[in-house]
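J.: Given the structure of chain Z, go ahead and fit chains E, H and G onto it with the hints provided.
There are 4 protein chains.
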Amino acid sequence: MRNTFGTSVAVTLFGESHGEYIGAVIDGMAPGAKIDRAYVSNMLAQRRPEGKISTSRVEKDEFKIVSGVIGECATGTPITVLIPNENVKSADYSEMRTVARPSHADYTAECKYHGFQDSRGGGHFSGRITAALVAAGAICRLALENKGIYIGTHLKKCAGISDRELDDIVADIKAVNEKRLAVLDDGAAKKMEEAILLAASEGDSVGGVLETAVIGMPEGVGEPWFDTLESMIAHIMLSIPALKGIEFGRGFAISDMKGSEANDPMRIKDGRVVTITNNNGGINGGITNGMPIIFRTAIKPTPTIFKPQETVNFKTMTNELITPKGRHDPAIVHRARVVQDAACAIVLADALAQRFGTDFLK
Amino acid sequence: MRNTFGTSVAVTLFGESHGEYIGAVIDGMAPGAKIDRAYVSNMLAQRRPEGKISTSRVEKDEFKIVSGVIGECATGTPITVLIPNENVKSADYSEMRTVARPSHADYTAECKYHGFQDSRGGGHFSGRITAALVAAGAICRLALENKGIYIGTHLKKCAGISDRELDDIVADIKAVNEKRLAVLDDGAAKKMEEAILLAASEGDSVGGVLETAVIGMPEGVGEPWFDTLESMIAHIMLSIPALKGIEFGRGFAISDMKGSEANDPMRIKDGRVVTITNNNGGINGGITNGMPIIFRTAIKPTPTIFKPQETVNFKTMTNELITPKGRHDPAIVHRARVVQDAACAIVLADALAQRFGTDFLK
Amino acid sequence: MRNTFGTSVAVTLFGESHGEYIGAVIDGMAPGAKIDRAYVSNMLAQRRPEGKISTSRVEKDEFKIVSGVIGECATGTPITVLIPNENVKSADYSEMRTVARPSHADYTAECKYHGFQDSRGGGHFSGRITAALVAAGAICRLALENKGIYIGTHLKKCAGISDRELDDIVADIKAVNEKRLAVLDDGAAKKMEEAILLAASEGDSVGGVLETAVIGMPEGVGEPWFDTLESMIAHIMLSIPALKGIEFGRGFAISDMKGSEANDPMRIKDGRVVTITNNNGGINGGITNGMPIIFRTAIKPTPTIFKPQETVNFKTMTNELITPKGRHDPAIVHRARVVQDAACAIVLADALAQRFGTDFLK
Amino acid sequence: MRNTFGTSVAVTLFGESHGEYIGAVIDGMAPGAKIDRAYVSNMLAQRRPEGKISTSRVEKDEFKIVSGVIGECATGTPITVLIPNENVKSADYSEMRTVARPSHADYTAECKYHGFQDSRGGGHFSGRITAALVAAGAICRLALENKGIYIGTHLKKCAGISDRELDDIVADIKAVNEKRLAVLDDGAAKKMEEAILLAASEGDSVGGVLETAVIGMPEGVGEPWFDTLESMIAHIMLSIPALKGIEFGRGFAISDMKGSEANDPMRIKDGRVVTITNNNGGINGGITNGMPIIFRTAIKPTPTIFKPQETVNFKTMTNELITPKGRHDPAIVHRARVVQDAACAIVLADALAQRFGTDFLK
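Protein chains in written order, with the numbering used here: chain Z, 1 to 362; chain E, 1 to 362; chain H, 1 to 362; chain G, 1 to 362.
This is chain Z alone, in the form it adopts within the complex:
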């Protein structure tokens, strides 16, 4: 299926960094689901680069919805969002065609597309495409919120500097969603910005860890094999550029715990089954247990840096030294945060529609 993700709610992505449009088709949104263009704009704004900690390529992201919506409601047929690429500068990228940027997709694109790939600005591999993912995810996320399901993501770590732990998850989700830089601890936020600026000044880049929490998911969603909710979330997350790992609940740390420490004790509270701890991140046996879903992802430092690097020309098959020029992000983890929210919304919308039918998200 490649560029389409999902079964009952399916999203198809298209476009290249320097093409006319990027966009997304969202198929299966419940008829009558609320479509709020301002909500989509707000999420796109959270992804947009701003200030010195991001690339100087700024897009207005003035999307338009060309199908599937009448007024402010989904019709139930495919919703198509188009986002024009305005700030296109092809010239900077001409050198990239045959000289691979290390740890970019330049060489693997060549292996797969045999020279026919659009290599302008990363083409279809560009982080630019995540704007379309965000637009699609915004539509799903609002539908989830209307069912009482809320998603929030903070920078758990950036450039080695950690945010505080999640505490009151409901409040923390609300707090990060209102922040431009999604860090709960303002002191940590300041240090992260400084570290990003420092890396930028050195022509270098930094990475980080994103932590997402979801509240309000009904129990009983997900499959034992193979479509565990963890599998589905991991599938969509690991297609986000620069994302190199994912862990649920305590994740890798749980592998150092004993069963007696890791198991989440269960209790009845207010007539519901809850767990005292949430080391399993709200999912047991692949299926939601009603506790918050918690996961973290590893975002690598942006591969575009302005330092000289050893590389190859894959046409001439010769060794080269490359010193990229142009625009770049000294970090993308702060921008990726809303991409993660969006991707999470898509996968949850799909899982819920599969479980409860195509009208559930209305």
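Worth flagging that the hints you see were computed from the coordinates, not collected in a lab. Quick caveat: nothing in here was measured; it's all calculated off a predicted structure. Check before you lean on any hint, since a few could be wrong.
Identical copies carry no separate label here, and so any pair may be met within one copy or between two of them.
[As the list claims (entries may be wrong)] Below, simulated BS3-like cross-link-like pairs (lysine-lysine); rule was C-alpha separation at most 30 Å, straight line:
hint, residue 1, residue 2
1, Lys307, Lys258
2, Lys34, Lys315
3, Lys325, Lys60
4, Lys258, Lys362
5, Lys258, Lys190
T.: Just chains E, H and G, lined up with the frame of chain Z:
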């Protein structure tokens, strides 16, 4: 699709811990692919519990192949493997029906299946089902080996004790595949066994980290969106019971690195493009670059322990104290190692058949 | 996906004519759905050859369900049905390996499987596999009946002899489902049997047309693109061996009508929207309108005949004359009737579970 | 998957009759496949209404390709085609919202979308959407032609008037593809036009039968279960609006033949296996045998007519009399011919890419 994974090579799993058979249907194996029953048996033997570090439930796993194979060759139509459940003891599990074992799927199964689930020994959620996955994976893995693609997995960590780093990957894969306990450093292996036995003696359990390496994968396999090879691998891995995280290349550690450290310099070597380091684990932009694929997974400590735990009866909605009895694994990470090999083989077989056509694995 | 059909309720088929088992995995049946082994047996009996109008190979079809069912209820996890092949005579078929039987799949199997196909008795292409389809369909059909949805199929035509038109559809479905030879007009039934026997005596075979009616389907099921209910029904039907066409409502005859004749006038009746005629067969724009679903399929005469035929040896690439021996059906249309019922039940179960969620069929 | 068809080459459709754009995303086209905008334009022109035998709504169909193509080559990533809707007249259709047009999708859309559907001009159900399908199919069809695979469709029948039989298929495909009205016999063409004009003058409509032939398909393409090539072709065809039946080879007529008449004798000719007759339409056991693929479809008379008809208001649940006004097609069979070509190209492109890998169509 639920219990089916894959597109061009698709595996369907079925069965319960205490049913008559568990099994798998492998659809799309290339006609003429070699089927070696001894190879399958060997992989099943690697998964089988042995000695004091595993459960006392031992199954012979005397599988039979009832379709899709003539002599020693795949016909190209669905291959069905049946594995009888022999060592069935239903009585030990009767208490589990309504009193949830913490961090097991008992409660989530109730939420999803409303009391109709087979709760004997974990039913369809049981690790027992991984025997069918291993059988299916064995068939795929041999086909990969016949194309020069080799997979190996070692216990990177168990009970907090670390194995040595991968060094000569070709030799290390060969070494671990011949070992019963897949640890490269024999001293570490001994300590891990001791730690497992200690946990067992305390009625407790331990977890660990598995690291998988793949050599010989052709360049250019995987998709930019959404079916990156990382997405597909993560999808199948995170459906393995007890697996709570996955990371590729340097994984979470890469998020602390600078771009200038994380980027893999590229060189021409023996007429091929290689990278000097492999921090990206053989995948860029979702597509293989010809370097070894490297990933690690987090395996939680077995949730079944013999210590008293707070839990609930989800029928009566009352708080309970539970002290499980029966058979259990004080660790499953050493048994899961071959499950990870198998799952990896399935996803790679599928990706290759999609890329190069249905006859590729012949 | 090949041997798997469906999304929310998915059926995987496996097996060969002369292998140990044929079988089916039904994934996604609602937890708590009634499983009645006698109901399955009855449908298998309707498919079984009987008397002189069918092959002399008779199988007891003593199926067993080895997963996914406890007592008389679906657990919600994959249901696996195994049917042993008992009456296996491999010798009769040895000549078929390289000399193609005209209008069989012998030559196309060679093109696809390059000599590795199981050619004993048609292998995976054999009509024998439809027994597994019938078992899977029986489980779906009973679930549909418990929701008030009934399916029936009659021989609209056999050997050129026509049954009467459907009249009172509720009564007609009931009537044909109780008949061994599914013909509404007993006089026509007698003539059909005579025609089949005559063809058999000449070593020849005959075909026919099957007409299926479904009552009780809710309105609003199906998709405008591409998964119209007609598309989904046609997809599964045209995978039944020997089926060469399908038409809905008036089908090909509607192409000779004027719009003013073909359009179905609409009325309110008993508080529901109905149509006076049903030329569109209960589906408009790919979606059910609440009227009976009506479709007909063309079944070709069995290609196995005992007359000399011109053919080729595809190994030696020489012309040959073939005069098949062994067992054969002088017609299969009367046996295919229950296969059509079963396939119809599978596709409707899937469409309903997609539409209304995975618990709908409970 | 709904609005997406295909696995290795997948097409997603979107848009409504009176929205801003309709369009298609073609995912999986081989990198380097030739993209000829004039070829696409020509196919769109064949679909466009012309003269008195079609609607007076004429669209220029000035499509643009906004992703996936550089110069005249596919990049290998999703190709997006946008076609603006220019000739929009919403007013004529306002009455349709609650008063159902008989045998249209108005009522079933209400059942599925609960009042949120776009009912302007048929919305997403409109034949207008087939323009996007044609554009997608044009891209696939040119890729097929570059591999020596040619598709052609003629009006086998219209308003009860028959075209001549296919004779020299290679020449006939060439001939019809150059004709505006795809009828081989010019005398029959004239009569068909007259019959359409007569129906138009009466405010009525007529239907017909389309016959498609494909030459050059490799042997061995298709699956035995469930994705026979017949299943896949039927699936996509039966999602075309107004199409109510499909038959392969001799189709329904084969059900009246004896096996000795229906079986296609096989011979070696010029070193290849051929059949003397082609009653099976080039497919045995779901797999191509190298002979031309032949199928026919039943197209119903356009449901929009200008005669008074009994219908209902599904909001007020009252009986109504309707006499539609506006633009309409007195027949669509002559326009549907290129839609059928396009749909056929999509399904064959997908089947070939699954079989031979993603680079095959380059």
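J.: Against this structure, judge whether each hint is valid.
T.: Tested hints:
For the identical chains of this complex, Lys307 and Lys258 are inter-copy neighbours only, at 12 Å across copies versus 45 Å inside a copy, given an alpha-carbon limit of 30 Å. With identical chains, the CA atoms of Lys34 and Lys315 are at most 30 Å apart between copies only, with a shortest distance of 22 Å across copies and 50 Å within one. Proximity of Lys325 to Lys60 under the C-alpha cut-off of 30 Å is restricted to the intra-copy arrangement: shortest distance 23 Å within a copy versus 43 Å between copies. Within a single copy, Lys258 and Lys362 get their C-alpha atoms no closer than 43 Å, and across copies no closer than 40 Å, so neither meets the 30 Å cut-off.
Proximity of Lys258 and Lys190 under a CA criterion of 30 Å is satisfied inter-copy only: 19 Å between copies versus 37 Å inside one chain copy.
Hint compliance for this structure: hint 4 alone is broken.
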